[in-house]
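Once you've looked at the hints, dock chains B, C and D against the given chain A.
What follows is each chain in one-letter form.
Number of protein chains: 4
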Amino acid sequence: MTRSSDSPLRFALLGAGRMGAEHGRALVGLPEARVVAVADPVEEAAQRVARLTRAARTYRDPLEAIHDPEVQAVVIVTPTSTHAALIEAAANAGKAIFCEKPVAADLGETERVMRVVEERGVPFQIGFQRRFDAAFVQARARVQAGEIGTVEQFGATGRDPAPPSLDYLRLSGGLFLDQAIHDLDIARFLVGEVEEVTVLGDARVDPAIGEIGDVDTTTALLKFVNGAQGVIQNSRRAVYGYDVRTEVFGSGGKLVMDATPKTPLLRYGEGVTMDHYHFFMDRFQDAYRAEIAAFVASLRAGEAPQPGPRDAVESLRLALACTRSLNERRTVRVAEVRAEAGVPS
Amino acid sequence: MTRSSDSPLRFALLGAGRMGAEHGRALVGLPEARVVAVADPVEEAAQRVARLTRAARTYRDPLEAIHDPEVQAVVIVTPTSTHAALIEAAANAGKAIFCEKPVAADLGETERVMRVVEERGVPFQIGFQRRFDAAFVQARARVQAGEIGTVEQFGATGRDPAPPSLDYLRLSGGLFLDQAIHDLDIARFLVGEVEEVTVLGDARVDPAIGEIGDVDTTTALLKFVNGAQGVIQNSRRAVYGYDVRTEVFGSGGKLVMDATPKTPLLRYGEGVTMDHYHFFMDRFQDAYRAEIAAFVASLRAGEAPQPGPRDAVESLRLALACTRSLNERRTVRVAEVRAEAGVPS
Amino acid sequence: MTRSSDSPLRFALLGAGRMGAEHGRALVGLPEARVVAVADPVEEAAQRVARLTRAARTYRDPLEAIHDPEVQAVVIVTPTSTHAALIEAAANAGKAIFCEKPVAADLGETERVMRVVEERGVPFQIGFQRRFDAAFVQARARVQAGEIGTVEQFGATGRDPAPPSLDYLRLSGGLFLDQAIHDLDIARFLVGEVEEVTVLGDARVDPAIGEIGDVDTTTALLKFVNGAQGVIQNSRRAVYGYDVRTEVFGSGGKLVMDATPKTPLLRYGEGVTMDHYHFFMDRFQDAYRAEIAAFVASLRAGEAPQPGPRDAVESLRLALACTRSLNERRTVRVAEVRAEAGVPS
Amino acid sequence: MTRSSDSPLRFALLGAGRMGAEHGRALVGLPEARVVAVADPVEEAAQRVARLTRAARTYRDPLEAIHDPEVQAVVIVTPTSTHAALIEAAANAGKAIFCEKPVAADLGETERVMRVVEERGVPFQIGFQRRFDAAFVQARARVQAGEIGTVEQFGATGRDPAPPSLDYLRLSGGLFLDQAIHDLDIARFLVGEVEEVTVLGDARVDPAIGEIGDVDTTTALLKFVNGAQGVIQNSRRAVYGYDVRTEVFGSGGKLVMDATPKTPLLRYGEGVTMDHYHFFMDRFQDAYRAEIAAFVASLRAGEAPQPGPRDAVESLRLALACTRSLNERRTVRVAEVRAEAGVPS
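Protein chains in written order, with the working numbering: chain A, 1 to 345; chain B, 1 to 345; chain C, 1 to 345; chain D, 1 to 345.
For reference, chain A alone in the conformation it holds in the complex:
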């Protein structure tokens, strides 16, 4: 992909739902980028996001947008089941690719598609937006600078205000692939690769979730390759709001990324009360913008975007190891999970 350094990069947005609008808003604020096309089977949604992004063209079929000769890069925010095919098509068309996680729920398919991306040499970034939150960015830099010494313990909590619909959950690949994967990726980001996992999980929020073979409340014990110990607790329902807390403890100190108050307002009445985030897109709005800006900056600098194809593969492998530990009620070595492993049945 060659381009003159002073003309903006031309994007197609594949998908015009909530995340499509969000990423469109990020792109429209970047002078180095321009949205030229929006694709969505729902014409009205495509039009709405095209207006928002000043895009000239809309398509119903994302493949047409991929093959639009003016398009240099695509942002894939279509339903998960279509990610792999669209990535593959875009890679074959030589377009730079940003794709919401996951590539696929199947490790074999994910590895295959990531190999296509690598062979074609197109830039690829996977949407783990937390890596672009100012607190996590700074935490990683401080860990790598040795500020907390050798990392010894990791702990994370990830809870959503309420479970998604059963229809959504049926296609989600299960809690670890759909929700916990963000915490698992951050564990890799801050501490390193995981060697083995032991998982407890249950459907405590809604028995219907159990009936479709999924869980809504999980606790994972992690042993990292470097010897550090970790825990991750997830829940599909926190009545008080969105709850993300991460802690990295080492021989030289501790870093905590807590759930901040949503605003600086404190109310003194019966106790002192502050507000809490109720929605992940509120909590991570700046991170969503920053990840798109980082993708654009990588493209302009000619550098490989981060997190890339290997992160897509390894975070999925870890999520599948957790799922297997849950299903088989035993400690699972992450390396056991190989390409032939599919979605949990």
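Hints are all accurate, no fakes.
Repeated chains share a single entry, so a pair holds when one copy, or any two copies, can fit it.
In silico lysine to aspartate or glutamate, EDC-like type, Cα no more than 20 Å apart, as pairs: (1) LYS223 to GLU336; (2) LYS223 to GLU195; (3) LYS223 to GLU196; (4) LYS223 to GLU328.
Hints in this document: simulated from the structure, not taken from any laboratory.
Leaving out everything else, chains B, C and D in the frame of chain A:
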């Protein structure tokens, strides 16, 4: 100003400096608005913001942008000394106006121009962005809903990391007009009009500031018309960063808008440390975007934007009363400050 | 006063009310002290505190306890109106004296009695317990070590949950002598002496407080001798609890002693809520113990206890200056308030 | 044990070390209690605590103090290895017993001695002081009142500033019996009994700790009988201080008992910094006093003190299950650990 409800409002940005870029970025993210022109005597700056905002045209002379027939609304972010003339020209041309504070350092001039705006019936909003910060918005709603009962005491702190240049200060109208006016406006926003002020002030940060007749460290005692008591402390230099804290205390409780940590990261080492904002545009970035969005929403709804011409006049009057109290070393009734009052000599 | 260094100091507690019990509990935990007598006109109260403190004797008349030859030191926690006479008697009897604030509501009387103390050379400590709170102790040390550079601004808030009875208020000397004096003393402790004050005050909590010539809601503007600026806001009623916050700002940083949560418990529900202190003796319980321990330690070391007679005089003078500013609606120089000044009429 | 309700309970302190002094200080502040004897093989230590507590007699041999006919209750703060024999002697002598944890490192011995206590019918309290911390007390009450609904997840962190000496560790029974037992007991206190545990542990702080067969860094995964999931992370070294954080999450909300700032002082410089506790006796000083007060109150009310013999047994069983999981690298059902299980070899 008539327009079809489905075509975006067409804006000219007058001024292409830091705030011009900021407001441009806000406008470009709003599908209901479009920047069609950017005016700045520095051609390169105008071009840069035009690229950022996808504006088709640039002008060197803001009057030309005002008279561009395609332009329906202007955002004035030119140097303060030009505000009054541009507002007047835009009002006479029937354009909607958003203007950074202040209209002028002179109350007579401010009142005259605001009367032109009111006579022409053009929408006008003055840039007190703090009123759009989520914490202040919520605080006002809670005060008005009676959540803290009768307001009895108000307290505010406003400190900047470092003083601006002497060149800037010479034209600024003094600390109360330039810096404290934000705290004074918030006092009016949350509690109501002020009856009298008693002010202490000194040049403690830099004697050169005293030599040009200004101060850098002030404390104001306020008596509100409704009987509430208030204090505001300002400083031009806080080595630890940007420091804005506001408290409203009433018979039924207390609301505090404290300086939040800049990120959710806590560092445990020698004590527990969190980061602080060092720049007002970081702290209030969302508020800057929200004020522009509110301006656009008011225009589309055909409602008068807030804060409007009367807020421009009354917050200035209050700042001038503080300046007079400082200069004359006495308690000053705000109503003493009439249109004939000019900038502090 | 001579004593062998290995026998404990023998105390009499004058007054067996709530503060008597509190100070008794502090003394009984100190191996270097022993309570040998408790005096209170209410026999039953004296007996109760004697049991608590293992004191051998009770008296109805505090003068008898003062003259008990075994007694080396007295702790005066009788009603305010009796303080001066008991201090004088104890000084004349050569006993070391700890006395709850104030010595008297009258500056002339206070100066006279403090001169007796100084002439007799007996150790004397006045009960400004906040000076022994760990946060204030550390703040003072940091200010004096130059950690925040030159002090430029001081701010304090002092609010009680609810006003005392009108009977109490009638004898209290007014809000500045009774309540604000703690904040005024801390202003002197952390910043230095005050040059002039300007005060707003009103009876907003309860009109009956106004009818007896007192106020319940005040705001004071302070100009310190060293040029620093200060504000203090007080109220007799904070529905959310006891509210003490102090801030010292300087050229090198800022120290804040905020109202801490009462316990480390955070409750996540509708917002995140922490508990608040509702009672000054809870908030300052450790400080009350520490001030008695410091008094005992001073006696054993043969050093003058702090805060001493001059603090009793100067904090009172400052409170009287505030009262005068309130009554005469003008800025008052603290030095105007001389010994002949009495309680506010 | 009979006694007239108006004479104070007469105590012997067995052990005059740091905890002996601490508990002595608590007793001396309670009018319903009196220390009559202190026993310690180090005469000087016994004398020092006797002075502090106004105790009339000292003994070298704790058995003599137990058999002192004036003594009604004993507080056992001798070395751990002597606890069981002293409890048994005191129970046989009909004395009320407060004993620091643990009774013994051996479950069989613990059960045997607790049965003696139960058969003799003497009041017995085990020293899990955290149960008396205001935050934990309130958390338990809120959980039991259903405020957070069904408990679903528990998380705790317990870290000490620095490891004890190797000499101490050799006799300690291992990290789970010595340190983590407090977190395990709180898990039982707030959530209920534990069904199975899976533990990771390593000597990462100091290899010498590994050489004596102990670990210094552990993470435990807990499955509670009621289906809740839990995690506990412990470390023997946190360079930033003492770190205790506990979280209980349920269907109706979340309670967090975080490590509070040590004082209300915030320092604004490079970031905003607050102080941290560095010593468990600072953090839990009030709890240590409250547990003794509760013991005395139970005795006076004729009620069984809490936590009692069953808590001594069950918290030990849980700690032993963790130790076994660590040693055998497998998930261990708590019920597997029976009386015949001894200290980990």
